[in-house]
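For this one, chain A is given, so just place chain B on it according to the hints.
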Amino acid sequence: MKYMLLMLGEPTEDEDDDPAAATTVAAADPAETPEPCWLPWHREMTARGVGLLDGAQLQPASTATTIAVSDGEVLLSDGPFAETKEQIVGYGVIDVADLDEAVYVASRHPVAGQGGRIEIRPLLAER
Amino acid sequence: MTDADAAVAQAFRQEWGRIVATLIRMTGDWDLAEECAQDAFATAIARWPADGVPDRPGAWLTTTARNRALDKLRRSKNEAAKLKEVAMLSEPAEPPGGPGEAGDSGLTDDRLRLIFTCCHPALALEARVALTLRTLAGLSTAQIARAFLVPEATMAKRLVRAKHKIRDAGIPYRVPPAHLLPDRMIGVLAVLYLLFNEGYSATSGPDIVRPDLSAEAIRLGRVLTSLMPAEPEAIGLLALMLLTDARRPARLDPDGNVVTLEEQDRTRWDAAEIGDGLALLEAARRHRRAGPYQLQAAIAACHARAADPEDTDWAQIAGLYERLLDLGSSPVVELNRAVAVAMAEGPAVGLALVDSIEAAGRLPGYHLLKATRADLLRRLGRLDEAAESYQAALELAATEPERRFLSRRLAEIAAGPGSC
Chain A
1 MKYMLLMLGE PTEDEDDDPA AATTVAAADP AETPEPCWLP WHREMTARGV
51 GLLDGAQLQP ASTATTIAVS DGEVLLSDGP FAETKEQIVG YGVIDVADLD
101 EAVYVASRHP VAGQGGRIEI RPLLAER
Chain B
128 MTDADAAVAQ AFRQEWGRIV ATLIRMTGDW DLAEECAQDA FATAIARWPA
178 DGVPDRPGAW LTTTARNRAL DKLRRSKNEA AKLKEVAMLS EPAEPPGGPG
228 EAGDSGLTDD RLRLIFTCCH PALALEARVA LTLRTLAGLS TAQIARAFLV
278 PEATMAKRLV RAKHKIRDAG IPYRVPPAHL LPDRMIGVLA VLYLLFNEGY
328 SATSGPDIVR PDLSAEAIRL GRVLTSLMPA EPEAIGLLAL MLLTDARRPA
378 RLDPDGNVVT LEEQDRTRWD AAEIGDGLAL LEAARRHRRA GPYQLQAAIA
428 ACHARAADPE DTDWAQIAGL YERLLDLGSS PVVELNRAVA VAMAEGPAVG
478 LALVDSIEAA GRLPGYHLLK ATRADLLRRL GRLDEAAESY QAALELAATE
528 PERRFLSRRL AEIAAGPGSC
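These protein sequence lines are chains A and B, in that order.
Just so you know, we're using this note's numbering here: the first sequence kicks off at 1 and counts up by one.
Just so you know, we're using this note's numbering here: the second sequence kicks off at 128 and counts up by one.
Bound-form chain B, shown alone:
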């Protein structure tokens, strides 16, 4: 790769979202914005090797894309296009009102408008995710289709439909006003977290070039927190994603089997990501507005700080799960709390909590409930009952690595005590 090629590639990662976002504001046309951004990068590939890389690649690309849009609108015979051209000529290339000035909710970076519009609740969740990846992260339709294991034509249709709905249903291109912002922020964070988990949990796939959705989610999380530095939950989510992602190198053994948190080789955890995540969590805490992402990040931080599983502060983790439950009851959170309590106060106390969740019928058919119960019974030495629960979990587990893990546990019990 030549220096110019590398510069284009870097500019693509850093500037794509900003250019598309600005062009959408100037033209009001999502397809035109994407097309012209693409043209601008094609022009850069053709010209930068000979002309040299411009001092401000982002500004160069934006101007090139804008001129391209004006060109296309000028050539169009369509009346609406002519009106757009006139409107564009009067639009400043820089967004109105810099950061800190009062605009929509006092924030005016075009990428923020784009994030909030892509994540508008009137769009189907899958459309929000796809649109965010296409327009903001710059993934191609083919890449997004691969990431979600759907045919490219299906994904293309989903994207077209979402863009048409934004245009035809009158979804505004803006950062929502203050009274809508808290709710809409929750929606944006949910999309980023879904993206992250989609990339983190999928441990297999037919395609080796499957784009790394977790890395994209982290990147978008960084953009969001840099644009909205006073949103502790956004910072909390970024911290949570980094602290979770740090464990990735130790999550699977060479055969692709799941390695439990307890058994992971903690020296393989990514120290840089952990350092980053802990610092962000601290920064979020200073706002003194706790929320579910900050609490989950704090739990991840308890694990990250323990160099040895024995050092884990399970009492604190149990307390954090309790605070999570205060914010909104969820049987999965209850189950996680039961695990933490079992670690802090002994498997018998944890088992009582698990049994009460099961008795309430809150998680029917959930393999992790059975697996947790089995694990606690195993620790209590009640091996026959443990084997029964592992068997039940095995029948419910959906993914191959999970089934392998449960089968291994079952085999260990069958081999008798002393073998584990």
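With the rest of the complex left out, here is chain A:
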């Protein structure tokens, strides 16, 4: 069986701060690059034989764009889903050139055409 783990958590205090900085643990030697906070978990699970298929940290919610399709018109809004009773019904990870292309791909997805909405969140790039 495959499961998606949807990570919920408190955003960093100031969303404009570098999100990578907030999720790293301080290294013993400041000259060393600090390791990501999830790395010990990843090591432990890999050692346990857990298959980790796909995962990534996201950019903060302030970078989110939400789309919906109404009468064939693609509607964009700045920001994540508003708080509603909607549930996450699926997810996909895509690799495209830019946000315009991502909006196109999302707008073609059946969920968008059936009254649902799709939040587009960029993954945190390797730095």
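No lab work stands behind these hints: they were computed from the structure.
Mixed in with the good hints there might be a few duds.
Sample of chain B residues at the chain A side, in silico, Cβ under 8 Å [what the hints assert, rightly or not]:
no.: 1; residue: Leu-250
no.: 2; residue: Ile-298
no.: 3; residue: Pro-299
no.: 4; residue: Leu-307
On a predicted model such as this, the values are computed, not experimentally measured, just so you know.
The beta-carbon is built from N, C-alpha and C at its ideal position, and this holds for glycine as well.
This is chain B only, laid out in the frame that chain A set:
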């Protein structure tokens, strides 16, 4: 002000947007682009008085800003900065492909990339407006904050967030491709029109140095139409803004009271702006692709052409509102059409239209609906009902000048017929 100071000030108005736009393309870094553009102008202030104003101030400033950016990137220890520096050295200072050559949608001026990116629909509307004023028009964060009556820190945060979203969400820095262009053009024009109205409608404010947003919108409209001369709606919007702005000197009386179009002293209208607006509207019409901005400009033109209110071609105005309604139903447009019909065919016909809008419940709580109804009743001599509607409008009106206007009308009715 010395000649050199004046030259810097003029270059700032003419070149700021272009320099920032070019630097963003070369570095991909909005903050760095703004910083280096600012440094270039500071250098000009220091050097032009002694060295003289260069022959091509824009080129001088761009080169200075570019060198500054290279300098900063070179000094940075950051790997990403080093990559940017290498990329920059291979970038031409002039945008790839001049006008007319096939690039993004065949148009490649950096300012166009900047306009379309600032007005990207994935940014919140208020962010689009602020970003356009900061990067393209060169207003300071403090000036923009004053214009929208928010604390400077709030505006600074809004700008930072918008720039981060462009970077982190991968909003492309380009003129959208042909299949996206019509929709995105509507978005750009909406931002300019919002800017214009923000400057035109706000009749009061605590700050006398509040920047003139209408003038900025007109200036940006001129840039846009010069860069995209084949977009009739962009030309139509510029015409609309000019024809509306021309009435500004007559809009308020010395006490700050609203003067209706009918009562305005038309000799105070700006003849140069009207001439400009009418010529632009004519140019837009030649493209034979009507749209909402051209139609609204055509309505403004009907008023502009009438030296006396009596000469207004209300039948044509009513027809233009009808065409606007064909493009998309809006209760406010319906109300305006009712006013035009009332002028063309008599207040009774207009009143019937207003009543049907009200009966349909399309504009609940809208003071201008009540005010229009009151005005038509007054003209029909039904003064008691008119007074009732003025009272209702007065309770709904939001701004002080509007309330004063409605109170005055109410007082006139109370004084009895013959006094108005």
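Going through the hints against the structure:
The interface hint given for Leu-250(B) is met, as the beta carbon of that residue sits about 6 Å from the closest beta carbon of chain A, less than 8 Å. For Ile-298(B), the interface hint holds, since its Cβ comes within 8 Å of a Cβ in chain A; the closest pair sits about 5 Å apart. With 8 Å as the threshold, the beta carbon of Pro-299(B) comes within range of chain A, its nearest partner Cβ sitting at about 4 Å, so the hint holds. For Leu-307(B), the interface hint holds, since its Cβ comes within 8 Å of a Cβ in chain A; the closest pair sits about 7 Å apart.
Comparing the model with each numbered hint stated earlier shows that all of them hold.
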